[in-house]
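Student: One letter stands for each residue in the lines below.
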Amino acid sequence: EDKVVQSPLSLVVHEGDTVTLNCSYEVTNFRSLLWYKQEKKAPTFLFMLTSSGIEKKSGRLSSILDKKELFSILNITATQTGDSAIYLCAVPPSGTYKYIFGTGTRLKVLA
Amino acid sequence: GAVVSQHPSRVICKSGTSVKIECRSLDFQATTMFWYRQFPKQSLMLMATSNEGSKATYEQGVEKDKFLINHASLTLSTLTVTSAHPEDSSFYICSAFPAGGAETQYFGPGTRLLVL
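Taken in sequence, the protein lines are chains L and R. For the record, in the first sequence the residue sitting at position 47 is 47 according to the numbering used here, with numbers rising by one throughout. For the record, in the second sequence the residue sitting at position 27 is 27 according to the numbering used here, with numbers rising by one throughout.
The set of hints was computed from the structure by calculation and includes no laboratory data. Don't take every hint at face value.
[To be verified] Here are some chain L residues the structure puts well away from chain R; computed CB gaps all over 10 Å:
no., residue
1, V13
2, G16
3, V27
4, T44
5, K68
[Said to hold, decoys possible] Under the rule of at most 25 Å between Cα atoms (straight-line distance), these lysine-lysine pairs were calculated in the DSS-like manner:
no., chain 1, residue 1, chain 2, residue 2
6, L, K37, L, K67
7, R, K41, L, K40
8, L, K41, L, K98
9, L, K41, R, K41
10, L, K98, R, K55
11, R, K41, R, K66
12, L, K56, L, K98
13, R, K20, L, K98
14, L, K108, R, K41
15, L, K40, R, K55
16, L, K3, R, K20
17, R, K41, L, K37
18, R, K55, L, K37
19, L, K98, R, K41
20, R, K14, L, K3
21, L, K3, L, K67
22, L, K98, R, K64
23, R, K55, R, K14
24, L, K98, R, K14
25, R, K20, L, K41
26, L, K41, L, K57
27, L, K108, L, K37
[Unchecked claim] A few chain L positions that, by computed beta-carbon distances, are all more than 10 Å from chain R:
no., residue
28, P8
29, V12
30, H14
31, D17
32, T20
33, E26
34, F45
35, G53
36, I54
37, K57
38, E69
39, N75
40, Q80
For glycine and all other residues, C-beta sits at the position ideal for the given N, C-alpha and C.
With the hints as extra help, turn the sequences into a complete structure.
Tutor: Right under this line is the structure:
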């Protein structure tokens, strides 16, 4: 059965801290892994990863994929209160466009 | 570009009534749309895949007679929650996958349903 698991489930840090969020997956014929940020409404797209070992970066956020060990990490450096959100990773199962979402990590950044 | 809208954004209804939620892709065509449900403090759970011009594909455990999906055009899918009950109260989110392919699905802003 296809599965996506995220850890930790929740995290509280102070502004300026660096956080690492984890996503592990078991999916037949892996194609890609996607990261999203969800605040009060619908998820917003952060990254799509398809190749192992290549870091994707956008400002203070970066992400990398390890296809051998079947996981991805999302790093946020110098966190700000605006980074408080649920971070979701998603993987499309083989041959479909639909996504299986992970459990999500609820991040709270304190001022 | 790639904007998806949902209507209504919030709805309160009485138990036993039916509620229709619309999902529109505003600036692109989508042969495939998805409907998700999200309970408080939980992740998104895929309910069904909506295919333009054909029947929706429902995920295991989702009642197709309760959650009616119609994808009548390349820019509109509707989800009707029939005979709603309080346990159907949730956040319903649609997403659309552009015809011709894209890097990601595009999500609507969600509809918060409260059934009294």
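Student: Run every hint past the structure and note whether it holds.
Tutor: We went through each hint and held it up to the structure:
Every beta carbon of chain R lies more than 10 Å from that of V13 of chain L, the smallest distance being close to 19 Å; the non-interface claim holds. With a minimum CB-CB distance of about 26 Å to chain R, G16 of chain L clears the 10 Å threshold, and the non-interface call stands. At roughly 14 Å, the least C-beta separation between V27 of chain L and chain R is larger than 10 Å, which holds for a residue marked as non-interface. With a cut of 10 Å on Cβ distances, T44 of chain L falls inside the contact zone with chain R, its closest approach being about 8 Å.
No beta-carbon of chain R comes within 10 Å of the beta-carbon of K68 of chain L; the shortest separation is about 24 Å. Distance hint between K37 of chain L and K67 of chain L is fulfilled; the C-alpha atoms sit about 22 Å from each other, no more than 25 Å. A C-alpha spacing of about 11 Å is found between K41 of chain R and K40 of chain L, which places the hinted pair at or below 25 Å, so the restraint holds. With a CA separation close to 20 Å, the supplied pair K41 of chain L and K98 of chain L stays within the 25 Å bound.
A C-alpha spacing of about 13 Å is found between K41 of chain L and K41 of chain R, which places the hinted pair at or below 25 Å, so the restraint holds. A C-alpha spacing of about 16 Å is found between K98 of chain L and K55 of chain R, which places the hinted pair at or below 25 Å, so the restraint holds. For the proposed pair K41 of chain R and K66 of chain R, the alpha carbon gap of about 24 Å is at most 25 Å, so the pair holds. This hinted pair checks out: K56 of chain L and K98 of chain L have alpha carbons roughly 23 Å apart, not beyond 25 Å.
Proximity of K20 of chain R to K98 of chain L is assessed by CA-CA distance (about 22 Å); at most 25 Å being required, the pair is judged to hold. Pair hint K108 of chain L plus K41 of chain R holds up; C-alpha atoms about 13 Å apart against a cutoff of 25 Å. Restraint check: the Cα-Cα separation between K40 of chain L and K55 of chain R comes to about 31 Å, which exceeds 25 Å; the hinted pair is violated. As the CA atoms of K3 of chain L and K20 of chain R are separated by approximately 31 Å, the hinted pair breaks the 25 Å bound.
Among the hinted pairs, K41 of chain R with K37 of chain L is consistent with the structure: their alpha-carbon atoms are about 14 Å apart, no more than 25 Å. Taking the CA atoms of K55 of chain R and K37 of chain L, the gap is about 31 Å. The hint is violated against a cut of 25 Å. Proximity of K98 of chain L to K41 of chain R is assessed by CA-CA distance (about 22 Å); at most 25 Å being required, the pair is judged to hold. The straight-line distance between the Cα atoms of K14 of chain R and K3 of chain L is roughly 36 Å, outside the 25 Å bound, and the hint therefore fails.
With a C-alpha separation of about 15 Å, the suggested pair K3 of chain L and K67 of chain L falls inside the 25 Å cut-off, and the hint holds. Among the hinted pairs, K98 of chain L with K64 of chain R is consistent with the structure: their alpha-carbon atoms are about 18 Å apart, no more than 25 Å. A distance of roughly 28 Å separates the Cα atoms of K55 of chain R and K14 of chain R; the hinted pair therefore is violated under the 25 Å criterion. For the suggested pair K98 of chain L and K14 of chain R, the alpha carbons sit about 32 Å apart, so the restraint of at most 25 Å is broken.
Using a Cα cut-off of 25 Å, the hinted pair K20 of chain R and K41 of chain L holds, with the two alpha carbons roughly 19 Å apart. This hinted pair checks out: K41 of chain L and K57 of chain L have alpha carbons roughly 24 Å apart, not beyond 25 Å. Proximity of K108 of chain L to K37 of chain L is assessed by CA-CA distance (about 13 Å); at most 25 Å being required, the pair is judged to hold. Every Cβ of chain R is farther than 10 Å from the Cβ of P8 of chain L; the closest lies at roughly 14 Å, confirming the non-interface assignment.
Non-interface call for V12 of chain L relative to chain R: holds, since the shortest CB-CB distance, roughly 15 Å, exceeds 10 Å. Every CB of chain R lies more than 10 Å from the CB of H14 of chain L, the least distance being 22 Å, so the non-interface label holds. With a minimum CB-CB distance of about 23 Å to chain R, D17 of chain L clears the 10 Å threshold, and the non-interface call stands. With 10 Å as the threshold on Cβ separation, the claim that T20 of chain L sits away from chain R holds: the shortest Cβ distance comes to roughly 19 Å.
No Cβ of chain R approaches the Cβ of E26 of chain L within 10 Å, the least distance being about 16 Å, so the stated non-interface status holds. With a minimum CB-CB distance of about 5 Å to chain R, F45 of chain L fails to clear the 10 Å threshold, and the non-interface call is violated. Every C-beta of chain R lies more than 10 Å from that of G53 of chain L, the closest at about 19 Å, which supports listing it as non-interface. The claim that I54 of chain L is not at the interface with chain R holds, since no C-beta of that chain comes within 10 Å of its own (minimum 15 Å).
With 10 Å as the threshold on Cβ separation, the claim that K57 of chain L sits away from chain R holds: the shortest Cβ distance comes to roughly 16 Å. The Cβ of E69 of chain L sits about 22 Å from the closest Cβ of chain R, beyond the 10 Å cut-off, so the non-interface label holds. No beta-carbon of chain R is positioned within 10 Å of the beta-carbon of N75 of chain L; the least distance is around 20 Å. Every beta carbon of chain R lies more than 10 Å from that of Q80 of chain L, the smallest distance being close to 23 Å; the non-interface claim holds.
The earlier numbered hints that this structure contradicts are 4, 15, 16, 18, 20, 23, 24, 34.
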